[in-house]
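Visitor: Given next are the chains, with one letter for each unit.
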Amino acid sequence: MKFGAEIKNHKLELHNFRLRIALSAAFVLFAFFLLSARLFYLQVMQHEHYQTLAENNRISIVPIVPNRGLILDRNGVALAHNYSAFTLEITPSKVKDLNETINGLAGIIEITPRDRKRFKKLLEESKNFETLPIRSRLSEVEVAKFAVNRYRFPGVEIKARLFRHYPHMETFSHVVGHIGRINDRDVERLEEAELLANYRGTDHIGKQGLEQSYEKQLHGITGFEQVETDAGGRAVRTLSRMPPTSGDTLYLSIDSKLQEIAVKAFGKFRGSLVAIEPKSGEVLAFVSQPGFDPNLFVDGIDSVNWDTYNNSLDKPLNNRALRGQYPPGSTFKPFMALAGLELGKRTPSYSISDPGFFTLPGNSHRYRDWKAGGHGTVDLHKSIVISCDTYYYGLAVDLGIDNITKFMSHFGFGRKSGIDIEGEQIGVLPSQAWKMKRFKQKWYTGDTVSVGIGQGYNLATPLQLAVATAALANNGQLMRPRLVHSIHDSKTGQTRVLAPETRDGWPLKPENLERVTAAMVDVTRPGGTASRASAGAEYSIAGKTGTAQVVGMKQGQKYVESQVAERHRDHALFIAFAPADKPRIAIAVLVENGGHGGSIAAPIARTVMDYYLLGKVPKEPLAPDAAEEPEHD
Amino acid sequence: MIRRLFTRLFMHLDGYLLFALSLLMLFGLIVLYSAAGEDFHFVTRQMTNLSVALSVMWLVANIPPQHLARLGLPVYVIGLLLLLGVALFGEISHGARRWLHIGVTTIQPSEVMKIAVPLMLAWYFDRRAATLRFKDFVIAAILLAVPVAFILKQPDLGTSLLVTAAGFYVLFLGGLSWRVLVGLAVAGAASLTLLWSMQHDYQRQRVLTLLDPTQDPLGTGYHIIQSTIAMGSGGIFGKGWLHGTQAHLEFLPERHTDFILAVLAEEFGLFGGLILLAIYLLVIGRGLVIAANAPTLFGRLFAGSIVLTFFTYAFVNIGMVSGILPVVGVPLPLMSYGGTSAVTLLFGMGALMSIQTHRKLVQT
Chain A
7 MKFGAEIKNH KLELHNFRLR IALSAAFVLF AFFLLSARLF YLQVMQHEHY QTLAENNRIS
67 IVPIVPNRGL ILDRNGVALA HNYSAFTLEI TPSKVKDLNE TINGLAGIIE ITPRDRKRFK
127 KLLEESKNFE TLPIRSRLSE VEVAKFAVNR YRFPGVEIKA RLFRHYPHME TFSHVVGHIG
187 RINDRDVERL EEAELLANYR GTDHIGKQGL EQSYEKQLHG ITGFEQVETD AGGRAVRTLS
247 RMPPTSGDTL YLSIDSKLQE IAVKAFGKFR GSLVAIEPKS GEVLAFVSQP GFDPNLFVDG
307 IDSVNWDTYN NSLDKPLNNR ALRGQYPPGS TFKPFMALAG LELGKRTPSY SISDPGFFTL
367 PGNSHRYRDW KAGGHGTVDL HKSIVISCDT YYYGLAVDLG IDNITKFMSH FGFGRKSGID
427 IEGEQIGVLP SQAWKMKRFK QKWYTGDTVS VGIGQGYNLA TPLQLAVATA ALANNGQLMR
487 PRLVHSIHDS KTGQTRVLAP ETRDGWPLKP ENLERVTAAM VDVTRPGGTA SRASAGAEYS
547 IAGKTGTAQV VGMKQGQKYV ESQVAERHRD HALFIAFAPA DKPRIAIAVL VENGGHGGSI
607 AAPIARTVMD YYLLGKVPKE PLAPDAAEEP EHD
Chain B
3 MIRRLFTRLF MHLDGYLLFA LSLLMLFGLI VLYSAAGEDF HFVTRQMTNL SVALSVMWLV
63 ANIPPQHLAR LGLPVYVIGL LLLLGVALFG EISHGARRWL HIGVTTIQPS EVMKIAVPLM
123 LAWYFDRRAA TLRFKDFVIA AILLAVPVAF ILKQPDLGTS LLVTAAGFYV LFLGGLSWRV
183 LVGLAVAGAA SLTLLWSMQH DYQRQRVLTL LDPTQDPLGT GYHIIQSTIA MGSGGIFGKG
243 WLHGTQAHLE FLPERHTDFI LAVLAEEFGL FGGLILLAIY LLVIGRGLVI AANAPTLFGR
303 LFAGSIVLTF FTYAFVNIGM VSGILPVVGV PLPLMSYGGT SAVTLLFGMG ALMSIQTHRK
363 LVQT
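Protein chains in written order, with our numbering: chain A, 7 to 639; chain B, 3 to 366.
Pulled out of the complex, with its shape left as it was, chain B reads as follows (with noise of 0.2 Å):
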């Protein structure tokens, strides 16, 4: 009876992802301890957090996938009406307009369509398997295009890099020609010049420090300075756990959210950071195969947008902490505190193993 019970709830979970995710979480929790200075509270609500995002995963494990899909449209076209309520009403804060208050509590669309623009753009592309034309790319980019737009214009930079590359991923993995990426290679390098013109002073400071932080080493290259020579000081095996100096005597700004990477490797070193990439890279190449065995093109597709944008949250924020990349505000994937982010990743694991357990239901 128990047994039966226990291969219920376990039965459309994936062990690979399961183990590798645990043990992220897990490390996660340890750095946190130490990043929120040996303060048990952050531990216990980040236990919270995660607790609530896997309960969100294994609720989406159990959704088969053709209901996933369903979910596509509904789902993005509500995404859009919130961005468009936070254009209007929306809560200014840090001089950005993200938040929307939601009677009781308030909600930041921008992350919904994390998972809504590649769930709406793989059910379309499904719907439209048998007869895919170079228009349905079309529709697809404006699909696209238009939450992208919006969330640029909050300005959130972190969260439109992170929605538009899992558009994009659906696009590149949908058989994008590659005449058109090349075109839109070029067509990028080009309109990056425009962008730039189109940037908050913010953004564009952001950049420019990370070409030269010590240009402003006591404002904007503050992060960047703190978390190299952090993470530099740490050396092949680190400081220890606990003995981080640059996390515990508060040099490193934001050191339990997106720069916690930093508070690793300063007291785990090379050594743990390397750790850390390898659960990484297990979590992606799982994921990967799941995509690769998907029974359905939706299936294919969401799957494998899931996954890459996983790995475009870890890239980035490693090669922000690190000091190759802007400081775009995007968070180390289940490491730094935050329910938000846990709760939409976590998501996305769950579809990945709703994909890979109700294979064997729909295959043909």
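Chain A extracted, bound-state conformation (with noise of 0.2 Å):
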């Protein structure tokens, strides 16, 4: 059969229209018929499904920021505190030329090329439907300025925020840290950790010291208000309020006269100070200095400012005390002494004979003492006291490398100290299987002569020293140093004091203590390389100087201070402990290219011990010690 067949008769052909018409209409009912399934379906079924959605989609959820927790020292005295200011937001996605609404703002508010930077900075960064700051803590009549021309400027709004502020400046910097906006890289993190739905709101979390790492317990609850909005985002209405819970407040075990005194003792100097307290491991001061400026970097710092920082030659921005991996020179041997006690390699009244260096048998490199032509006969009291190579050359030798490197990590050299903020360095304790990671080359007797004096490739942090120090002082407990004291919970209202954590020391037997601490006093006495400094105490002070070299000398090449650059001058370190007998307070200085320790480190930590045992404030601040003392270290 052909298709489309010839249609010859009229009724046939209208009979067979009529029944695709008649198709047509049934199709139509059928399909009518589908349709009205279909809302039936909708509007009676699943009618209470679409009018609980209908309800969350009038009401939505706001969140309320928490105010951040404080940050107080041990006195209540406020080191982060926050303040209610206004900003002017700009949200980019809602302006049409930007340039020109920026300039139309600085018309009538101050704009300055600083804050321009700052917000381009942010606009690089951020997305275009988040709300920028163009410029913070706006003053009444700015706010009243702005409302008045407001219409003019689509997209820009006057908000009202809790700003960050750290009163002390750069005292505290490297301590609190600071808080700033948060990137990309932090939402992933929450994210992660699933806390993402807590910082709903939030533009702000810590990015350095306590302020990050106690990030958790500052932060608090996000509340949320209950708002009907239109599509929008525009509530309507409140309907429902829950607050949010503030973060909680940090006790710090610093005390911020203490720390401003260690400061100003610093001067013009680089340099690291951490003063511990020994049977608890809490942290009385945290100096590195120098300092920054943190207020700086809470909302984004501008190019210049940063820069400046990290352009600096005296890098601000390096924490010291935590990061900074200096040799610990002659500080060392207090520790060395103690091993060679402990482990029966020494005895107290076993001496020697120091021509001045040491050589290894079977070799002809002479290892130099600091004092050519040495220092006669030297037993183990004297070797402190004075500070002799030569006594601790031939004691790392007899002692071994496996043997130092066992009993140092119990005074928690070359491991971190677990202080509660991070990025913590864990400097160098060299062993054989670091050497061969590291180098891949097998350990050499010649590596370990100069382990036995802190120089070689040992590495500690200004931390780290203080942190065996303080368990020099505790009798051989290493305790786990912390900066917060205690924590004040905003909901309970209840503070909970941070129970002190021992680690894995080495007991001390007490008559190996007494021996070194005896020497370590007598260092701070006339004829000990840190009696300047000492002169007066009205305590005892067990210390020992050191001295960290910048720059290698060759064989037979004598160090003269004044005629090297003062960067490559020697880094000057002290530690002590005091009172002696009954430590309540342990220290590490550390000056950069300080020269000597004990004309310029020691009379640093005496400073701070004289305001700390004995509440005296320095009447001026301490010019640095021009007179050339007679010892070296």
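Each hint should be verified, as a subset may be incorrect.
What the hints assert, rightly or not - Residues from chain B that face chain A, not an exhaustive set, calculated with beta carbons under 8 Å: (1) Ser235; (2) Ile238; (3) Gly271; (4) Gly275; (5) Ile277; (6) Ala294; (7) Phe317.
Hints were generated in silico from the structure; no laboratory data involved.
We put the CB at the ideal spot given by N, CA and C, even for glycine.
Mind docking these for me? Both chains are given alone in their own frames, and the hints should help you get the complex.
Guide: Here it is in structure tokens:
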């Protein structure tokens, strides 16, 4: 049969047409039945489901950002607090011409080039729909000026926000750290930790220091407000409110006054000081000089300030106490002496005749003492008081690197102290395994020799030195250093004191400890390397000076301080605890390019101890000691 | 005298159709007032649109069908040229090239094709009535395919669907053999896969989100999710006129145009939705009767195509808004705000009335 056969019969054709019309009508009815069924399903069977959805649609949850917890010193002095202020914020996506808008705003409110630069940087880092501050801390006059001109600036608004402020500026920058705007990496981390929901509405997060490590406690719990809104998110009215829980308040073990005195004591010098209460491991002062102004980082630092900090030779952003790694130098000697006594390699009466250098059997290489010609007969006590190198070269070889590594690690060398801020460096406690891993070389006895006087591969942070000194002052019991003393829970109103945490120390035999302590006390007495700094102290100080080489000296070359460029001068070190018989404070001081431990580092420690133990406030800033001391270290 | 003028005015209008259409437009204006946020501005503008459209309807109703038929070829050719013009010089808006500047105004030639294609095909079939062969169906299919291809390319899925439907209804009512129809169905299913690969990303996304609107609740699925929420929350009797929360809190996008049904269903419930379907059935039923009784093949085919296209509008829009068909941008006939579709639709209604009221004059 042919397709589309000829239609000859008009009636047949009409009949066929009407049949198809009827079929179409049937289809229409069927289709409308389908639609009715769908409407019935949606509006009758699923009515409740959609009713709920519609309610949810109207009700949106608006986060209420909690107040960030305060950071106070042990006496309740604020180190980080919040204040409320107005900011001028721009939503870039709602603004047609950003430059024109900012220029227009500058006509009524002062906007500095620095503000513009900072805004530009924020713009690059942010998503378009976020609102970004162009100016913060508006005065009431400025708020009023903008309010009048508001209609001219769609996409620009005034917001009342809480600001973080660090009243002590540089003094606590390396302890308290700072907060900063949440970036993509923070979001990722929060998402992984399933904390992102608690950060709805929050712009800032702890970036460094305690602000970072206690972020969880400081942030608080975000509250919520149920508001009826339209699809644009504009609130029509509030339905219910669940108030936020403020972050917890941190009480530090640090005394802000002590910290200030310590910072001042450094004068223009760079360096670090860490003071610890030996029994508890509580940190009393934590200085890294120079510091920086953490307030600049809160809303994103502008490029001018950033460059100033970042390019400064003084490296103010570097947390020296936590991350600066220096050879411990002669401050290593008391620990070496203890290792000799504890491991039975030395007796107190054992003495050497010091020719001014040390040689290994079958090798002509001379390991020089700092004093040409030597110190004559040297026993353990004298070796510490006059800081004899030759004594420790021999001791190190007799102990062997494995014993040294094992013993020193019980004093916290070569591992993290576990302090409650992040980013700690572990320094280097050399060992056979370490050298193999680092240099793919086996250990030579020659390597051991210089380890004995805290040089060679040895590196430690000022924090590690302080922790080790505190352990010494605590009968060898190593404690975990901690900056936070207690946490005040804003919800329950209770204050929880953090219990001291012990770590695997080396319980020292009392007679051994007494020997070494006695020698360290003599270091600070006439004839010792730190006698001047300790003169007239009303308490006994057990200390040890040290010098860390910045530039290596060739064999036979003599280090003459006046001939060395300032930044190539040796670092000055001093460790101490006091009172020697009942230690209440242990200190490590490092002064970069300070030269002598006794003349530069020890006076700083003395100032801090005087205040802590006697409440003595220094009358005038400590002037660098110009007089050359007869002793080296 | 006045009485005569009155009769003269209304003599070519169909009472049933006029009644049903009036109900529809009135209902539409009531819902529009609510959908537009109780703004009379939209209502008055829509009233102007409808007045223009009604004038067109009256005019067309007064043109005898045989004259209308003669318009088939020229309108089709002009329409095709305009489509070519769009493809070459058209204005791009929202990622589609649909509009053409002609002097002072912009026109959308694809809209013209909704009338031109069935008019042309009905005229062609009528001319070949005595010797209608398979060949004629092939030619008709090509006449249909060319403009559809242009419109698809713009791209405008909704209009190409409606033009295809209008043309197909002529072929179907014209007696396209069942074998071919079955064959077409099979081929259609096969070409669907081919078509899929040729789709624009946004068109594919529309289909995908139809299958699972929750996939992209703030993006492409947003329309469907919001419209089903509005409808579902309306319940049996609705939330009452002007009390639709979804509509008034601005959750519903395009609520005065393509998605106006959601407002209707939210505020008037299932009850209101069924009333709307009933009015549409009235229009379609009357239209089918007119088609069945049309004296000429042209009248039958053109009337049949117009009324079934009208049905297609309603079905696709309601199916889309209630979430059983993809979002293709077809307005709810005579309810959605907009002048273009009203003119096109009432042009068709005018043609139906013309075919009905000029019956006796040509009956042999």
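Visitor: For every hint, state whether the structure bears it out.
Guide: Hint check results:
no.	hint	verdict
1	Ser235	holds, 4 Å
2	Ile238	holds, 6 Å
3	Gly271	holds, 6 Å
4	Gly275	holds, 5 Å
5	Ile277	violated, 11 Å
6	Ala294	holds, 5 Å
7	Phe317	holds, 5 Å
The structure fails hint 5 only (numbered hints given earlier).
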